[in-house]
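Visitor: Each of the two chains sits in its own frame; use the hints to bring them together as a complex.
If you read the protein sequences in the order shown, they are chains A and B.
Numbering of the first sequence is given in my numbering, commencing with residue 187 and proceeding in unit increments.
Numbering of the second sequence is given in my numbering, commencing with residue 180 and proceeding in unit increments.
The hints are simulated quantities; they were obtained by calculation from the structure and are not laboratory data.
A few of these clues could be false.
[Claimed, not checked] Which stretches of chain A does chain B cover? Using the computed rule of at least three CB atoms under 8 Å from a CB of chain B, they are:
hint	segment
1	332 to 343
2	431 to 439
[Claimed, not checked] DSSO-like, lysine-lysine: derived pairs with alpha carbons at most 27 Å apart:
hint	chain 1	residue 1	chain 2	residue 2
3	B	Lys307	B	Lys375
4	B	Lys244	A	Lys427
5	A	Lys427	B	Lys182
Where a beta carbon is used, it is the ideal one built from N, C-alpha and C, also for glycine.
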Amino acid sequence: MTTLAVSPLARPRLPRWAPAVVAVGAIAVAGLLALLLGWGPVATLIVAGVLYVVVLPAWSRLLEGSRAAADRLMTNLVWGSFVVVCVPLLWLIIMVVRKGAPEITGHFLSTSMRNVVGPMPGGILHALEGTVVVTLAATLIAVPLGLMTAIYLIEYGRGSRLARVITFLVDVMTGIPSIVAGLFALALLVLFFGPAFRAGIGGAIALALLMTPTVVRSAEEMLRLVPNDLREASYALGVAKWRTIVRVVMPTALGGIVTGVVLAISRVIGETAPLLVTAGYNDSMNGNLFSGRMTTLPVFIYNQYKTPGAVPLGAHATDPPGYARAWGAALVLIVIVMILNLIARIIGKIFAPKTGR
Amino acid sequence: MAKSIDVSDLDIYYGDFKAVEGVTMTIKAKSVTAFIGPSGCGKSTFLRSLNRMHEVIPGARVEGKVTVDGQSLYDPSVDPVEVRRRIGMVFQRPNPFPTMSIYENVLAGNRLNSRRLPKSEADAIVEKSLRGANLWNEVKDRLSRPGMGLSGGQQQRLCIARAIAVQPDVLLMDEPCSALDPISTAAIEDLIHELKSDYTIVIVTHNMQQAARVSDDTGFFNLKAAGQPGHLVEFNPTKAMFTNPTNEATEAYISGRFG
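In isolation and in its complexed conformation, chain B is listed as follows (with noise of 0.2 Å):
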């Protein structure tokens, strides 16, 4: 089920750096928020942060405050690990599962957590999952070969069948279309218009194109100087920000004067 996430004025650290300031957003259920800005901003690791990724990385934690439908991520009883089975994560470069089949990567993160599944179920989630996301059609004579025999754009689309294998409630995509061809993105942003009438989709991309293509809102993030902590200059929505931006940088950002 989709759910709506709400931040409030969000600091991100790695160790003493300040990476990220003082975030504030809604990002509602079934859409597509994008958040696009310079390198460096803080896009990805604000993303990050809404699944408790970014804890991954040493020295990583949070101020401020993030709940998903009422419910607060960083509260010290929440386990990040439950976490991110709500909120699952398409990363930049394709990453399926070296040892694994087709077929074994869609499952994997039911597999992976040792939940027993008879095996009509089981081919029923491979199935829905990978027609979810495009690809039945291409692989469903070879679920059985390795996922990394794909190419790039199907590796990314079988990363998305299996992040929506596990029925997340938000898939958080970061920058999923950088390493692909127009071709595949334009697959993949087909894919995202499907996946909004049952997910909440957030969306990091260099691209604003993309941005103006596939989202609902749009978040523009920007560094006051190098050095400095990346923060929110306009959230607001797409059509809006594209022909409208109520603010100077972003649309100095958005027609090309910077950036």
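One chain only, chain A, in its complex shape (with noise of 0.2 Å):
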């Protein structure tokens, strides 16, 4: 009889305590070379991970095989890609509460530039304001538009020659880059009012185009996740088709069109293209949508960029007092969306479909 080489079921193990001691090597490895060649700190850190996600599968493979090792490599290259896309993210956000937080005070939210020159303290209450209504315009237009496109390409028009052409052409919009949608915004209407027309009703117009596409696609996909026993269920029940949509496909699909559209918002509420072209700039208050240049927060960031204002005579500040303003505008809009995202996530919870015992 012939014996098979039978792999052994046990095999040696790394100990648990392998992979901190491979880190604190790589560290001090990384720290005496940057001690001796004189490396700053950033590429200290850098070599000291590259040293990290090589040796502990290097050690691994010699001692647990190559499975294990690619495990480990896998592993530690998955983490190290999560490490280095959050510290662009972690860097921004701190960047921007540390040059912004100083600039928030009761008075920079409650007022306008209205009269505002130079180092005179200005607010960004128009700036919000024109955020708000534009953003909320935007969203009353796309939302039954793109809500209602879902419904007719789920329920209705399901593989229907129309549907995949709608399909086809939703696509295509998702692509269409925001200055163009803001320059068919503004053709749109300066053919209706004239060539000088400025007005938020122009920049709603575009944001809505940009966040149509976007509304559809995660409602659809939404739409589509609702199991088609219900659907059955509420037919047998003698329930018109329309009441079964509106009744029971949409409260089911409710949590996750909410959050879609709340992303969409959160989207399109930094646009800065669309808005330049079709609201304009304006340094006072205008809550009419119809009539008067409109200042949304991203422009009023680009226009204190753009315009900052000259640095006063013998104060102690290098920058002039525009930059300020931009970054305590830039961290307003940062919450603002933050704060949406987290709207969403709480909405979706909420009308998420209850299994609970």
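Guide: Here it is in structure tokens:
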């Protein structure tokens, strides 16, 4: 009888403390090199990271075999990429908070830039108002449009030629550069109201154009996830199709749909270019969507950076006053987007179908 | 009020594909009628054509006649939504509405049709339907909990309660026990026995013992060959069918010599 070479079930394993030892070693080696060659802290950290990612699998290969080594290598790479991705995000947040936080005062949040010259304290209230009004209007246009398109695609037009054409067009729309959307909205308004017309509604149209495909896509995915069983159960109770859609399908998908809508809002709330060409710039409060120029936060930031004013003579500050306002507005914008994302998560949780026992 | 169903020479198509051919039968009121046969022979398709549910699938259509108490179901003037209100259906997999509580699930047929009900009447319907589905004692203390939180057998009985809450004339059941354990199956079979006194019940099953246990009449469907339309081989009282089938294929199927 021939004996097959049987690999043993038990193999040597790296001790639990191996990753920690390798990490300490990697940092020590990188630190030593840094001392000898005079590297900065960033270079040292990068070298330490690379050393760790390479050395641990190498050790593992010697002791544990190739499969375990590959496992450790891939684990290290995945975690490494995660860290690399997080660095710019954290950096950005720290930077904006550090530069913007000192600027956030009651005055900054409650006044406009009307009659503010040079280093006089100004505010962003007009830009906040503009952002809220324009984004809200864009949402009011885009959400019904997008939702109904998604409902048609999933519930009525499934597989038909028209549905395929619409899906294709929505895909194309997703790729429209935002400035093109802005120019389209401008051209549309100029056609009706003359060449000098600038108002918030133009910005809202442009943003709605950018939002609609996102809303269609996310709502479509969510509606597709609703099991057909539920539709049939509803039909079998003698419920008409549109009632089934409104009362059974939509509530089941609501959490996902709302999340998609809020994410679409937070995507367009930071748009600058289309608003610059359609809504223009304004230092004063303007809550009227249909007349007069309107400033939104991103446009405000852009403008403050473009025309920051002069550094006052004899002041200690080295940056012109507009820079600080731009950072402050940027911080406010980021906070708004974060709050929107939080709202999306909470709403998603609240409306998620309950399975609870 | 229970009603009888007359089917004559019914062909069912999905697009160009003929799924079921030439079915003629009479389903008696206040009785249980079971359909047996191998997978893909068109039992479920035929069942779904009895309340026009198969039309939900694009391209599905029928030729022939189905009449319920003299009213033709496929008359151009008949509203399929109204048909389904009269002829309820329970599906293979329990499918309570996940956004609704047990209470709301039972009332779904009324609420979704925007029928306004005073609270006392709604409570009465819920209790009556849940009692009718033998579920009341198990859930009466947690009516406001989600319907999805129940066990599979309870969910299926909840679906039956939901179906009888709209007081249909006929109850169609498409393999209602195939996803359930023997105890839940027994509970539902008992329930079918009880429901028989008020409703006309049509049940599709893969389990021949179940057909023998619960039904008064049995229809055996079969395929001539793969790709051919399914057809009704034999339709007889269950007792006769299982003791003394008239058709050789039926006997072979029932005694386990094929399928």
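Visitor: Decide, hint by hint, whether the structure agrees.
Guide: Results of checking the hints against the structure:
no., hint, verdict
1, 332 to 343, "violated (count 0)"
2, 431 to 439, "holds (count 4)"
3, B/Lys307 - B/Lys375, "holds, 16 Å"
4, B/Lys244 - A/Lys427, "holds, 25 Å"
5, A/Lys427 - B/Lys182, "holds, 26 Å"
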